[in-house]
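Take these sequences, add in the hints, and give me the full structure.
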Amino acid sequence: EITLAVGDKTGAFKVDIVTRMKGKAFMIIIFGPGSLVSRERPAVAAARLVEGYEVPFAVVTNGKAAEVLETRSGQVVSEGLQSIPSRDEALKRMEKTTFEILTEECLDRERRILYAFEVLAARECNRSACGPQQRD
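For this note's numbering, add 4 to where a residue sits in the sequence shown, where the first one is 1.
Check before you lean on any hint, since a few could be wrong.
With a straight-line cut-off of 30 Å between C-alpha atoms, the simulated BS3-like cross-links for lysine-lysine are [unchecked claim]:
1. Lys96 <-> Lys18
2. Lys28 <-> Lys96
3. Lys28 <-> Lys68
4. Lys18 <-> Lys28
5. Lys68 <-> Lys13
6. Lys100 <-> Lys13
7. Lys96 <-> Lys26
8. Lys96 <-> Lys68
9. Lys100 <-> Lys28
10. Lys18 <-> Lys68
None of these hints come from the bench; they were simulated from the model.
Computed from a predicted structure; not experimentally measured.
Following this line, the structure appears as structure tokens:
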């Protein structure tokens, strides 16, 4: 769980799965129904915040489709459930991976992005748009 403090407001975001290789977080997986595109940016922000370094890959999935994002660039590098790296693939990628530590300025920006996409959106959804609508 990532605790988010933005100004005097707080919230939290749960990463569904963190995969570790050789003691380091290699990839996070975020699950949610519907469109994957709307989860790309918050997944990248979460991958930059969940550890004390930038987790190299973030996966967004709805259980039917998946996108693997490279955290550093924020770009989708592969699509489809079959494109999620296997253990062997992850170990090979680990050999070429550096785990960047981000500046506090960058971390603050990522906190704000994740807060806006996930915490504020969830609160707004809970208040009105996503719940059952009452009819007059």
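Results of checking the hints against the structure:
no. : hint             : result
1   : Lys96 <-> Lys18  : holds, 28 Å
2   : Lys28 <-> Lys96  : holds, 14 Å
3   : Lys28 <-> Lys68  : holds, 28 Å
4   : Lys18 <-> Lys28  : holds, 18 Å
5   : Lys68 <-> Lys13  : violated, 35 Å
6   : Lys100 <-> Lys13 : violated, 38 Å
7   : Lys96 <-> Lys26  : holds, 12 Å
8   : Lys96 <-> Lys68  : holds, 26 Å
9   : Lys100 <-> Lys28 : holds, 13 Å
10  : Lys18 <-> Lys68  : holds, 21 Å
When the structure is compared with the earlier hints, violations turn up for hints 5, 6 and for no others.
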